[in-house]
Amino acid sequence: MGLKITRGSYAKPGTSLAFDTGSWRIQRPEHRHTAAPCHAACPAGEDAQAWLALVEEQRFREAWETIVAVNPLPAITGRVCHHPCETACNRGDYDTPIAIHHVERFLGDMALQEGWDYPLAPVLDTAPEIAVVGAGPAGCSAAWHLRRRGFRVQLLEATPEAGGLLRSAIPPYRLPALVAEQEIGRLMQTGIRLMTGQRLGRDFSLDELRDGFAGVFLGIGTQQGREWSIDSATPSDLYVGLALLKRWMDVGAIPTWSSVAIVGAGNTAIDLARVLKHAGVPEVHIISHKAIPGPDVPAADAMPAIGREIEQGLEEGVIIHEHRGVQRLILRGEQVLGVELVHMKKLSDASGRLKRVAFEGTESILHVDQVIPAIGQVVDPEGVHTLLDNRAYFQVDEWGQFPERPWLFTGGDARGDRGTVSEAIGDGRRAAMAIEHFVHSASDSPQDNPGEPIGVDQLNLNYYEPGPRPAVAVLEVSGRDGYAEVEGGLERRQAVAEGERCFSCGDCLTCDNCWTLCPDMAVLKTREPTTDGSYYVFDYGYCKGCGLCANECPCGYIVMRDEV
Amino acid sequence: MTQEIEIPLAELRRNQPRFGGLESGHRACLGCGEALAARLVSESAGPDVMYANATGCLEVFTTAWPDSAWQVPWMHSLFSNAASIGAGMEAALKAQGKATKVIAMGGDGGTFDIGFQALSGMLERGHNVLYVCYDNEAYMNTGVQRSSSTPHAAATTTSPAGSESMGKRHLKKDIVSIVAAHHIPYAATASVAYPSDIRKKVRRAMGIEGPSFLHIHAPCPLGWGHDGALTIEVARLAVQTGLFPLIELERGGVAGAMPIREVRPVSDYLGLQARFRHLFADSARAREELEHLQALANHNIEVYRLRGESRQDCMDSEGADTVRRGGMRWA
Amino acid sequence: MKQALEGSQAIARAVSLCRPQVVSAYPITPQTHIVENLSRLVADGVLDCELVSVESEFSAASVALGAVAAGSRAYTASSSQGILLMSEVLFNISGLRIPLVMTCANRALAAPLSIWNDQQDSMAVRDAGWIQLYCADNQEAVDMTIQAYRIAERCELPVMVCVDGFTLTHTLEVLDLPDQQLVDAFLPAFHFDRKLDPANPISVGTLVSPEFFTEARYDHHQALLQSAEIIEQTRREWQDMTGRDTGGLLGVAGDADARVGVLVLGSITGTLQEAMEASTDTEPACLITLRAFRPFPEQALRDACSGLERLIVLERALSPGAGGIVGSEVRAALSSLDRPPRVFNFSVGLGGRDVPLETWSRALAAVAGNAGAGFDMLDLEPSRLPQEAL
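Protein chains in written order, with this note's numbering: chain L, 1 to 564; chain R, 565 to 895; chain D, 896 to 1285.
Warning: the hint list may mix true and false statements.
[As the list claims (entries may be wrong)] Ranges of calculated distance between the beta carbons of each label pair, as one might list FRET restraints: (1) G707(R) / N449(L): 48 to 56 Å; (2) R1279(D) / S684(R): 38 to 46 Å; (3) E1276(D) / L735(R): 51 to 59 Å; (4) R1131(D) / G707(R): 53 to 61 Å; (5) T526(L) / E728(R): 50 to 58 Å; (6) S684(R) / S1230(D): 49 to 57 Å; (7) I319(L) / D846(R): 55 to 63 Å.
[What the hints assert, rightly or not] List of simulated lysine-lysine pairs, DSS-like, C-alpha gap at most 27 Å: (8) K764(R) / K662(R); (9) K897(D) / K662(R); (10) K12(L) / K662(R); (11) K658(R) / K897(D); (12) K355(L) / K345(L); (13) K658(R) / K764(R); (14) K764(R) / K737(R); (15) K736(R) / K764(R); (16) K1090(D) / K4(L); (17) K658(R) / K12(L); (18) K12(L) / K1090(D).
What the hints contain is simulated information worked out from the structure, not anything from laboratory work.
Computed from a predicted model, the values in this text were never measured in an experiment.
A virtual CB, placed ideally from N, CA and C, is assigned to each residue, including glycine.
Build the full structure now, drawing on both the sequences and the hints.
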């Protein structure tokens, strides 16, 4: 029976559903997850966007589990990381970046308080065993990720305890000893077999490890101070920055000079300066080739130390001489009386390379009792001579794999191109992935590229509200004794608010914009997450491909593709 | 990621957590602002409503017999009588003792021009009718001819720009003030760029016993000359520049205005649309007309006090042009 | 109960007896008394309905349309310019198959301006798709108004009941107004299948493509043609209940064997009847009153006219440049008879000109002998014409 005209030509409700407007389409909207800049920028590989989303929903444990799937030590990194994620954060182009490290610390602390265990499957007795040398951040991370991947792990540490410089060199006002102890302790309860007092080259050799294990990771760090002299002159009682810091951490005492000049611009220099200041040294100077970080200072010219630490050091009275170099040591015999400083800057030479230039006529004298170099460390060659080949650091690929020694991996400070806890943690994870591939002789290569992060221009900022970055309690300068933690943590509501402030770059915010704004009702909402993890599907039977949803997606999660 | 179609879409569609007054399969152009506005209105008004629709795009693209995109009782009679049809429906429902609300609706032509008298009569007689005007600022259904709602200097097929013309010579009729001058309980403007605001205003109007009026700015990609993907963007800029203030009037007096978070220059709005292209010519007249439109926007901002004290202060959460993660998630 | 009522008052009372729920109207002479009387009935609590005093006839018709679409019995009334102003809506109402009843208090159309009676207004909308019924007197106006609701609701078509302005609307007549019980029994409570209803939300007033438009028009056309039977049926039912034979498609009076007939619409009927009864010296004639102009009762007309040699059609309207409207249609309808009568078509009483008793003798004189059977204005005064018209 064919179609017959109705009396008065009335139509029945909703009958337009028989009309396929999807056939008009020349472009189709699709969901596409793109890495958030925080994810791409995280040296450890954390997808902060993902766990901030969970924080906003107050699914704290899931948020924490999301972090520890990448970084087992969030209470620690939340305190000590230089958080490049926040520098990359698209929100910085709008008002202020998300306080990602504060939220990370909040979650890390919550996990310790609540006694949350890492989500892990039991390890099989028959699983391949991997040796990890060095229980610092890189070794701990490698051990953890190997453990997560089902390997048996033998963790060999030269000192009496795990943690490396987390427990030996980062001062407690930045990282309270209890936090480090608890978080590392929890990690050591996961079935990783830790043997302390085991030093490579003394107690065991690389060859023994090669023969005894399916793979080996060297997380031995840089245990030797870089050699330092000015025109071959060194003070008789030369203290090396890191060693001095470690000694203070170890025995709780430090020589109290009346004035000290620390040469260097990294975290060790700042940490040491502040420790000395806390210990009562009246005058602590830092001599830096670089500038104090600031909005107008290019990253390449800024002191590499964490900005916040520099700021707090300055508050505490540390004097930073930026763009200065030590030209001459003023010695009586071998006793330091002072240093001659000169203005210095990195300038490009004729070939375009950056070169440090001292400006004649800018010399000045600084009277100090002691000069302490904090200019970096190198790998202790003991037991690894053959690997170093007279270099200061190991030369390896991005996965930490040694050339011609496919069973051997490294990461962290020993690589030389690293220098932070988070990078070490990232290295440990990447090495674990590569080791897994090596052990299982996988034909493909491991993948760890979040991809090109989504730019702020791909977001629709009209949909976000301005909101303040949370302020945390900071200890008064007078109360900073070197031990009490300087910065406080976030309150729960502050953490949630940061989750709310997060733009959710490149990931569905479940904001309903597409569902609300589609003029063709071609976006349907689902009760359960769909295969792509969002709560929406496109009904291509009706979608005309106008692209409005893509334009109005705040997060850049919808892209238009040509129909083929 | 390509979506895997394994979800029974028809069933999912039937069970969406919103009232589906207007269905898919209508024949509006890509990115049609009016289609979106009409769905938002019908969704907010709910099922117990009877609609009177003036002739125009909305009527044509929703009811090409035998198809209808409406899931609500709906009637189109003529171009100029939507308000009167609505009044008749309301009188009948009142006589029958039913609480069903009547919504009359039309485009700017059917409201500002040809249906203006019927609208005025309906308002004056105090019918319990919500009148919704979908304003796309010209006669789009007949091919983009100027209406009394067409803004000053916009080019249409009957007010083209040329060597002797800068588009429409006259000003856009201030319909909401005229309507409000009937001393009706509620009159408001809204924009498709602010759907939560539309919902709020529709709900407000639905709760009023007596005539109410909602004037919704709804871009027409075809008539305005912009990509369909930019419908919301363009509508939002109309608000953000001050050219289309979002206001509420009660009994003739201004009762509220959505503040503008960050006032944008009118050129941001005009520059996206081909109908204003001639204003960007390198000529004194073009510059003057551009300034004229800026002055009109400034005037609105001043009259309705649209500028907040600071970016933070004039943040509009109630208008809810902002989003929250999972804020709308199906509970 | 017999009582003396002004036509408008009687019509208002008849409408009231039909219990409309919505009445909407805009004032225009000579329709005003009908609406004023209805307003009075509402004010006095006799009639319980929504009285909507609109801002134009366009809205009057639109409100009534909206009301019926929403499921209520409705009523409106107008005249002359008002009919033209609502004409767009009239076409719409019928195309949507809306059962509405309205009164047209017939009046001339401007320009020149005239407030007086002729039937140019309803004739101008004869193609609007409505049933058009013409009343000869106020008893018919009452009866046919009530019948109109029955017809409209049976056919789902609108009905325009035409009553001559002033001649009927402002004239006092003794007539029988049925009681409410009788009307309630005759006219069931309003029920409209296609009413708008949230529980069954249809869409009314769609866009129909060329593929189906012809069928939609044909369906409408058939509905009007088929309404002829309903009109006759309703007439019989009314007669059964009241004993009065009013309504129907057409009425035939006078000498059944006559060879000359006269066809009229509306109130001229009475004048002609009186004149024919009085003139004993003229040849026998029959009087055909066309009550339904739409549907056009072709067959009934042929039946009534078979055997006639001459038919005089008197009408109160004009299609300038063509001639009579009714006359042309009658002539066309009768052309299929084996021996169709010669049709003589005259306009009379335009713009309120009095139609006296002498009209009949004048008409007979005009068709005597071998006069041409075309169109003429029977009551034209050539002395009043400008040179250009002569």
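Hints versus structure:
no. : hint                           : verdict
1   : G707(R) / N449(L): 48 to 56 Å  : holds, 52 Å
2   : R1279(D) / S684(R): 38 to 46 Å : holds, 44 Å
3   : E1276(D) / L735(R): 51 to 59 Å : holds, 55 Å
4   : R1131(D) / G707(R): 53 to 61 Å : holds, 54 Å
5   : T526(L) / E728(R): 50 to 58 Å  : holds, 57 Å
6   : S684(R) / S1230(D): 49 to 57 Å : holds, 51 Å
7   : I319(L) / D846(R): 55 to 63 Å  : holds, 59 Å
8   : K764(R) / K662(R)              : holds, 24 Å
9   : K897(D) / K662(R)              : violated, 38 Å
10  : K12(L) / K662(R)               : holds, 23 Å
11  : K658(R) / K897(D)              : violated, 35 Å
12  : K355(L) / K345(L)              : holds, 8 Å
13  : K658(R) / K764(R)              : holds, 25 Å
14  : K764(R) / K737(R)              : holds, 25 Å
15  : K736(R) / K764(R)              : holds, 26 Å
16  : K1090(D) / K4(L)               : holds, 20 Å
17  : K658(R) / K12(L)               : holds, 25 Å
18  : K12(L) / K1090(D)              : holds, 13 Å
Checked against the numbered hints above, the structure violates hints 9 and 11; every other hint is satisfied.
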